[in-house]
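Read top to bottom, the protein sequences are chains S and L.
Going by my numbering, 17 is the number at position 17 of the first sequence; the sequence numbering is gapless.
Going by my numbering, 168 is the number at position 168 of the second sequence; the sequence numbering is gapless.
There may be inaccurate statements among the hints.
[As the list claims (entries may be wrong)] The calculated lysine-lysine pairs, modelled on DSS-like cross-linking and capped at a C-alpha distance of 30 Å, are: (1) Lys418(L) x Lys428(L); (2) Lys428(L) x Lys201(S); (3) Lys162(S) x Lys66(L); (4) Lys99(S) x Lys428(L); (5) Lys202(S) x Lys89(L); (6) Lys127(S) x Lys89(L); (7) Lys201(S) x Lys172(L); (8) Lys81(S) x Lys113(S); (9) Lys127(S) x Lys172(L); (10) Lys172(L) x Lys162(S); (11) Lys136(S) x Lys162(S); (12) Lys45(S) x Lys418(L); (13) Lys99(S) x Lys418(L); (14) Lys202(S) x Lys418(L); (15) Lys202(S) x Lys172(L).
[Stated by the list, open to error] Examples of chain S residues toward chain L, derived with CB under 7 Å: (16) Pro42; (17) Gly50; (18) Gly52; (19) Glu87; (20) Asn91; (21) Thr93; (22) Ala115; (23) Arg117; (24) Ser119; (25) Phe120; (26) Ser167; (27) Ser171.
Since the hints were made in silico from the structure, they are not lab data.
Beta carbons: idealized from backbone N, C-alpha and C, even for Gly.
Below, each chain spelled out in residue letters.
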Amino acid sequence: MNTTSRFFTLASAAAIPVFFTGCETTQGVKNPSGVAVTEMRPDEKGFVQGTGVESQDLVSVTDKMARSILGIPEIARAQTKPRVVLEPVVNNTRFPLNKDIFLTRIRTQLNSKAAGRVSFLDREMMKTLERERALKQSGQVTASSDPNVVEFRGADYFLTGKLEGMSTRTSQGTSDYVLYSFRLTDARTSEIVWEDLAEIKKQGLEDAAYR
Amino acid sequence: MTDSRPAPSSRERRPSFVALLALSTAALLMFAGCETVPDRPKRPPVARTGDPIIDGNADLAAAPDKDRVLLEYRLGVTALRLGNFEVAKAKFDDAIARIGGLISGPADAAQRSRGLFTAEREKVFIGEPYERVMAFYYRGLLYWRDGQPDNARACFRSAQLLDSDAESDTYKSDYVLLDYLDGLASAKLAGDGSDALARAQKLTKTPLPPYDPEANVLCFVEFGRGPRKYAAGENGELLRFRTEPSRIRSATLTVGEQTVNFLPWDNLNFQAVTRGGRVMDHVLGNKAVFKKTTDTIGDVALVGAVVAANNIHQERRRVVTDEKGRRRIVTESDKSDGAETAAIALGIVGILSKLAAAATQTHADVRMWDNLPQALSFGALRLAPGDQAALLQFYDGNGQAVPDLARRFTLAVADSVKDTVVILSELKR
């Protein structure tokens, strides 16, 4: 084989695989066919995570709070079923979030697991309820009891909470600590009859491409 | 002595030309094959309607996933300026969720973008810190507008935190407005905002107004064009910002007898250029060094290959005498196997080096949120509920009002417990 032929052979041999690689239209595209939907448990760490408040935190915190509330004497050994009103949670962290979701989950956990040992008053519905009562009082709609008798229940306890945060960000990464505290306050005496907390700290570092 | 060998043909005597031809052909083929950014599947062209929201959503639907956050940033602020707050919220929420899931989210794309043969622009865009800060800032304004000052405060805190890893301590978390609004939200929530106010005051020489928890109209004014990114350096490996001072230097809002002055509290040009170097700059710098080195090696090797190829056949002339005693000059050609091997080896090394150099992607990612303002300002008013006639004016560097930017509008003050949030921009979209 003469020199020219060798050059052609070698160069062509090297060029062909690379040339065909360039013909691959989805080169560099990860999962070109997509990724099938993955169903996960809400208390499970997903494959997309940040250092913020996530579903697994919500589940673990609210589960802990619901169990804790049920154990206190004011609920466990109450002579009459205590009536609880939920007050909005205060978010003092750096994470914008739907605050109601914490109390909603605690309430549903208590309602489903407390077997009627505690009842919640639906203050979110007050405007609707008052309008309905007014309609009954005016005789525009029927009433099964005397609409002029006040039957809206008063609260025995208020359940509320606070989310506090502490965050650090350096070249080493981001660190977020969130303190979840919830308390039950006696509506008559203002005494805090129960309080509990949960703490979650997360740290992470973005890829160097984002630093 | 008679030289009976036939003289080498002209074709054999000039292998360097043929070798170069072969090398060039191979190089062309290989460079074509080494295109690291494949053509994306063709998408149908987006039909323009003239409505920025519809067009923006169409662009978003047609865009690759890596550009999604960028387009959401742009569309979010456009929607905000057009008063389409639901669209703005949706866009910023999605963008912020993607930023929030970043640590374990699109890391593969990011990892690839650090590779020699993948451009930085191939990573999922989340923006430089000043861009991410603005996403949280705008979302914070929208939360406040919805009567959720605590979530707004959370956004301002996240935004300030994003700026806390600047290279120089002087420029860490130095957005005046973010600290000020953090404190104002606390004050509105019956908390203590004095620490945040003190922090904000430390960041500026301009005296900041004390918090007025009774002020029910919060005005956020912005003007000027924000920083523009460009790639500098021999191989475009340096991310730089083009910053032009805004023609507009201040603004006023007049409602009835009250006039609020808006001077710049924060300047995004300043924020963009005071971050210091990025880790990615170092990565790109290494890529540039690799590109330059391999390119030089390729040059040297190819030149060497040509020289060696020229020496494969060496011509030698000598005088010979035939049987009849006549003398004549004959030319002989000797083939050097060593030169041939060297030519081939150097040729391959040269091609591979040039190939590697050509395929190395050094350019800094210059995708940018291009409808950001330059200056941010704030003022609060106490106004009675109902519609109020308002006049917004912008002023140039000489303090002269710019007539074509003056705007009269009706300020609708909400009759509820939540604050009325007004977002006013010199930029239309």
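Verification of the hints:
1. The straight-line distance between the Cα atoms of Lys418(L) and Lys428(L) is roughly 27 Å, inside the 30 Å bound, and the hint therefore holds.
2. Among the hinted pairs, Lys428(L) with Lys201(S) is inconsistent with the structure: their alpha-carbon atoms are about 42 Å apart, more than 30 Å.
3. Between Lys162(S) and Lys66(L), the direct Cα distance comes to roughly 37 Å. Violation of the 30 Å bound is thereby established for this hinted pair.
4. With a C-alpha separation of about 34 Å, the suggested pair Lys99(S) and Lys428(L) falls outside the 30 Å cut-off, and the hint is violated.
5. Note on Lys202(S) and Lys89(L): the hinted pairing holds, with a Cα-Cα distance of about 27 Å set against a maximum of 30 Å.
6. Of the pairs offered as hints, the one joining Lys127(S) and Lys89(L) holds, with about 28 Å between alpha carbons and a cut-off of 30 Å not exceeded.
7. For the suggested pair Lys201(S) and Lys172(L), the alpha carbons sit about 23 Å apart, so the restraint of at most 30 Å is met.
8. For the hint linking Lys81(S) to Lys113(S), the alpha-carbon distance of about 15 Å falls within 30 Å, and the restraint holds.
9. Simply put, Lys127(S) and Lys172(L) have alpha-carbon atoms about 48 Å apart, too far for the 30 Å limit, and the pair is violated.
10. With a C-alpha separation of about 28 Å, the suggested pairing of Lys172(L) with Lys162(S) holds against the 30 Å cut-off.
11. Distance hint between Lys136(S) and Lys162(S) is unfulfilled; the C-alpha atoms sit about 39 Å from each other, more than 30 Å.
12. With a C-alpha separation of about 36 Å, the suggested pairing of Lys45(S) with Lys418(L) is violated against the 30 Å cut-off.
13. Pair hint Lys99(S) plus Lys418(L) holds up; C-alpha atoms about 17 Å apart against a cutoff of 30 Å.
14. With a CA separation close to 33 Å, the supplied pair Lys202(S) and Lys418(L) exceeds the 30 Å bound.
15. In summary, the hint linking Lys202(S) to Lys172(L) is supported, as the alpha carbons are separated by about 22 Å, within the 30 Å threshold.
16. About 16 Å separates the beta-carbon of Pro42(S) from the nearest beta-carbon of chain L, more than 7 Å, and the hint is not met.
17. A cut of 7 Å between beta carbons decides the hint on Gly50(S): the least distance to chain L is about 4 Å, and the hint holds.
18. Nearest Cβ of chain L to the Cβ of Gly52(S): about 5 Å, under the 7 Å cut. The hint holds.
19. The closest approach between the C-beta of Glu87(S) and any C-beta of chain L is roughly 13 Å, which is over the 7 Å cut-off, so the hint fails.
20. The interface hint given for Asn91(S) is met, as the beta carbon of that residue sits about 4 Å from the closest beta carbon of chain L, less than 7 Å.
21. For Thr93(S), the suggested interface contact is upheld, since its CB lies about 6 Å from the closest CB of chain L, less than 7 Å.
22. Nearest Cβ of chain L to the Cβ of Ala115(S): about 35 Å, over the 7 Å cut. The hint is violated.
23. A least Cβ separation of about 32 Å between Arg117(S) and chain L goes past the 7 Å threshold, and the interface hint is therefore violated.
24. For Ser119(S), the interface hint is violated, the least distance from its beta-carbon to any beta-carbon of chain L being 28 Å, above 7 Å.
25. Because the smallest distance between the Cβ of Phe120(S) and any Cβ of chain L comes to about 23 Å, over 7 Å, the interface hint for this residue is violated.
26. Checking Ser167(S) against chain L: minimum C-beta separation of about 5 Å stays under 7 Å; hint holds.
27. At a threshold of 7 Å, the smallest CB-CB gap from Ser171(S) to chain L is about 6 Å, leaving the interface hint in force.
Of the numbered hints listed earlier, those contradicted by the structure are 2, 3, 4, 9, 11, 12, 14, 16, 19, 22, 23, 24, 25.
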